[in-house]
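Peer 1: Residue numbers (our numbering), protein chains in the order written: chain A, 772 to 1127; chain X, 772 to 1127; chain P, 772 to 1127.
One or more hints might be untrue.
Copies of the same chain are indistinguishable here, so a pair counts whether it falls within one copy or spans any two.
Once the Cα atoms are required to be at most 20 Å apart in a straight line, the calculated SDA-like pairs of lysine to any residue come out as [stated by the list, open to error]:
1) Lys1019 with Thr924
2) Lys1019 with Pro1094
3) Lys978 with Thr1093
4) Lys1088 with Cys893
5) Lys1088 with Glu892
6) Lys1019 with Asn773
7) Lys978 with Asp916
8) Lys978 with Asp923
9) Lys1088 with Glu895
10) Lys1019 with Asp776
11) Lys978 with His1031
12) Lys1088 with Asn902
13) Lys978 with His1095
14) Lys978 with Arg781
15) Lys1019 with Val774
16) Lys793 with His1031
17) Lys967 with Ser1023
18) Lys1088 with Leu1037
Hint data in this document are derived by calculation from the structure and do not stem from the laboratory.
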Amino acid sequence: MNVSDASFNRERPDVYGDAHPKALLRGIQEDGDYLLNLANQHVVSSDQFCQDTLKQLFRLAAKYESNPTRFSTPLQGKILISAFYEPSTRTRLSFESAWHRLGGDIMSITDRSTTGIAKGECLEDVAEMFNNYGDCVVLRDNHADSVELMMDTLRIPIINAGNGSDEHPTQAMADLYAIFKWRPDLLESDVPEDRKLTMGVVGIPGKMRTVRSLLKSLAVFANCFKEIVIIHDESVKDELFSPGQREKLEASGLTITLSHDLERELPRLDVTYINAIAWEGDSFETYGGRFSLSASSPLKPEGIILHPLARGEELAKDLDNTPHNWYFSQARGAVFLRMALLTCMVQRAERVIDVV
Amino acid sequence: MNVSDASFNRERPDVYGDAHPKALLRGIQEDGDYLLNLANQHVVSSDQFCQDTLKQLFRLAAKYESNPTRFSTPLQGKILISAFYEPSTRTRLSFESAWHRLGGDIMSITDRSTTGIAKGECLEDVAEMFNNYGDCVVLRDNHADSVELMMDTLRIPIINAGNGSDEHPTQAMADLYAIFKWRPDLLESDVPEDRKLTMGVVGIPGKMRTVRSLLKSLAVFANCFKEIVIIHDESVKDELFSPGQREKLEASGLTITLSHDLERELPRLDVTYINAIAWEGDSFETYGGRFSLSASSPLKPEGIILHPLARGEELAKDLDNTPHNWYFSQARGAVFLRMALLTCMVQRAERVIDVV
Amino acid sequence: MNVSDASFNRERPDVYGDAHPKALLRGIQEDGDYLLNLANQHVVSSDQFCQDTLKQLFRLAAKYESNPTRFSTPLQGKILISAFYEPSTRTRLSFESAWHRLGGDIMSITDRSTTGIAKGECLEDVAEMFNNYGDCVVLRDNHADSVELMMDTLRIPIINAGNGSDEHPTQAMADLYAIFKWRPDLLESDVPEDRKLTMGVVGIPGKMRTVRSLLKSLAVFANCFKEIVIIHDESVKDELFSPGQREKLEASGLTITLSHDLERELPRLDVTYINAIAWEGDSFETYGGRFSLSASSPLKPEGIILHPLARGEELAKDLDNTPHNWYFSQARGAVFLRMALLTCMVQRAERVIDVV
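Kindly generate the complete structure, drawing on both the sequences and the hints.
Peer 2: Spelled out as structure tokens, the structure:
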């Protein structure tokens, strides 16, 4: 290479909400009991935690994000088993970075073919072994039932980091964390009607694990949302929701509407969540190719965009340097959210909460 | 997932002999010199160590297992090169967990195709490089001569973690460790005839590396065993033993008998060792499919079962919650046995022995 | 295995220049400012650093190599992202060992197919994520433009660890470090004509990244070299140099000559650099198969041999135990050179320099 200048800048402009975690941190009162109670919980689904537990997690995440180098040893002596049986950079490294930042050690599995599973070992037995090898398991697998099979024999906590087309709960928590960093006022006890959010979700709730988990999370915070608009292709009909999925979300208090026209909805959306990948058995499909966002889309001026995954053509790069871009903050925050969750799951919350 | 309860229990009932390491620990007097002498030894074969050395290793393993969090830093600053050129979960993670629990760092190779070997680099040169990169090598490879090739140029210790159909010595040590946790009285200087064990080994000593190494280990402790029954398919004839293998084992004092009938032998077996996988060149074969154990097998009431590898149909899950199940304890103990061995090999024994 | 003796010796005879780093260390005066200035630099090309910067790096490398266990914590709390999208043992482990020896943690990617890139994620976005996950990136990729693409969005430093057929700058630095360990007198301010080196380089500067980077490095130290003889196959004509490559090197003060006859040149070569692999798109080719060195080659009695990569038939093993063998010292030194570079890049130079 011919380099005239290989220097770089460690700073970035605060267009991405870097300062916002402090506002979120100030907005929530610590209540450590919710965090201590996470010590004996697997994390499998996005609706297993109550609002209070999630708020305390967001608070701890904000504490970590506000001062990234303050806590460097809470996981000292703890070993993570990072089992990614399905391709991933972002999620695996996000978890592993979270663990390393807190001083823990990691054993990675990045490929089913390098494991005993290739010799026919069943997941329950693998989990039985994991009990001896580590303190926490993060599992990604393309079979929806993998997590449950492992839970049968695990005596250490497991986190579902994506099980086929079913769920990806920590992603949904990170999505919410980004929203509340942007709008910490929503965490106050009573949210006035006119401050509630209208959120667009481009995707297929019945087929996309990130969307399925996100909607479950939104349902936990139903009091913060005026309307959730599911934006989808006309061709998707029966498979848009899984049986009972929409009914359960609405029973939790969410108002769900449907739309085929992203452009028409955009001007009224406070948050637009977009994502174009869904899992189908062992591989993935790209959905909603006709839905895409760019700097020339008719976005609400103060609206933000979230995107949970590796980006494709649905999200133009000319949005990166606009205030609509909260997807970078969302990805960054996911590391700190995972730090918060992991700390609690391996019984180290008391090392980082203010009042023990 | 729809989870009603994602909580779990960190404890397990002591049906698996969890308390036994303490009995073993009490039963052996420390003699640190045997451990210090391991500092300049590769670990390549199961019969390279004398009874006294193995007893001291079992004692240190029991010390670790009795109090798993007591020693967290003996390997601080040490780097393990974990080179698994053949698929493995259990063995790789067992070694890596052992190393991490003692505070060391790890570099993993999980696939031949990601290495310079794919470009034609010879193993002696790889080993020459390893001298510069780490403090210990754990090698699994499907070629029997890989370990020896690396030993030519290594100035750091190597552990044979399975070399083709040849040996897997640390597995055999872990097998013995499980037996002595169960019966620490066998480690006394004179074992009365009526307390010696009758052990059944389902497998092909000439083809299965775990069986080959196990038998060599049993030969070192020949005074503890009344009879070793090799249980095998009638179809296996000439290949049952490698040339000279049986003769050498018998010369060490083992009494070896053969049988085709597992069911008939079971009622008199104190220990039944079963295993259904053998390596054949670059892949594996399943042997002895007609031999299997379940809760309804005519097991000796106080007899125990050991199993060294990923389980297949030969070992029914209905045995898991019975007192016959010592295979879980065996797998768990393997981590602590490896901790003991690794500590000594990288010159850190003096950090963990009682009297220096 | 039947082992009569599995013991080994941790020492090696000093035929490989193990004591030389101390001479190099004594020969250079510390000037920490050059090291502190590396904190905001990517490392992409071999000619981006001036002589003074490289000398200070060699000095720090020599300090590390002279006393390998003195500094074990300068990178504590720092996370390396080791992204090797192309097969490698030597380079990956060399970097990872360097990082671990200084107390840092590592996340490895050893295969493109296990990453989000397989789902279509672009490198700029991967780099944006890396900003959140770690403190430094080491990248190997078979595309020449990968490093540059990542630099667009990185706010943490990246090291080019081989980008296609373009460059491999840290290898070239390690080559130079080996030369100066051997001949520290060359680092004095005025090198008399009769002490300058004649160096042979077997390879294709226009096709081999190690050769391209090496020549750029030699050009920075043009005052130390009398002549650089490029030894190549007659069949290679137009592709021997990239457009402008030779002219630029000569403008820096290097005297470059060409030869087809290794045997004839050997008696006058102080340093012979040999290497037989070049990258061609996604795979590699072996060049110059007719050039090879052995103990019976007509080497200059005090001449040394360097070799940057996995060795093939071009370098006979009967040279390993001769004083010509500086390729082992070169490989060993590469770890310490990388330690020096990495320390500076992640803003920890002040922890290891003598005068702050």
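Peer 1: Take the hints in turn and mark each one as holding or not.
Peer 2: Structure-based check of all given hints:
no., hint, in the structure
1, Lys1019 with Thr924, "neither (30 Å within a copy, 42 Å between copies)"
2, Lys1019 with Pro1094, "neither (34 Å within a copy, 45 Å between copies)"
3, Lys978 with Thr1093, "neither (31 Å within a copy, 42 Å between copies)"
4, Lys1088 with Cys893, "between (43 Å within a copy, 11 Å between copies)"
5, Lys1088 with Glu892, "between (44 Å within a copy, 12 Å between copies)"
6, Lys1019 with Asn773, "between (59 Å within a copy, 11 Å between copies)"
7, Lys978 with Asp916, "within (15 Å within a copy, 36 Å between copies)"
8, Lys978 with Asp923, "neither (26 Å within a copy, 34 Å between copies)"
9, Lys1088 with Glu895, "between (44 Å within a copy, 10 Å between copies)"
10, Lys1019 with Asp776, "between (57 Å within a copy, 18 Å between copies)"
11, Lys978 with His1031, "within (17 Å within a copy, 53 Å between copies)"
12, Lys1088 with Asn902, "between (44 Å within a copy, 17 Å between copies)"
13, Lys978 with His1095, "neither (27 Å within a copy, 45 Å between copies)"
14, Lys978 with Arg781, "neither (39 Å within a copy, 34 Å between copies)"
15, Lys1019 with Val774, "between (58 Å within a copy, 14 Å between copies)"
16, Lys793 with His1031, "neither (38 Å within a copy, 68 Å between copies)"
17, Lys967 with Ser1023, "within (16 Å within a copy, 66 Å between copies)"
18, Lys1088 with Leu1037, "within (18 Å within a copy, 55 Å between copies)"
The structure fails to meet hints 1, 2, 3, 8, 13, 14, 16 from the earlier list, while all remaining hints are met.
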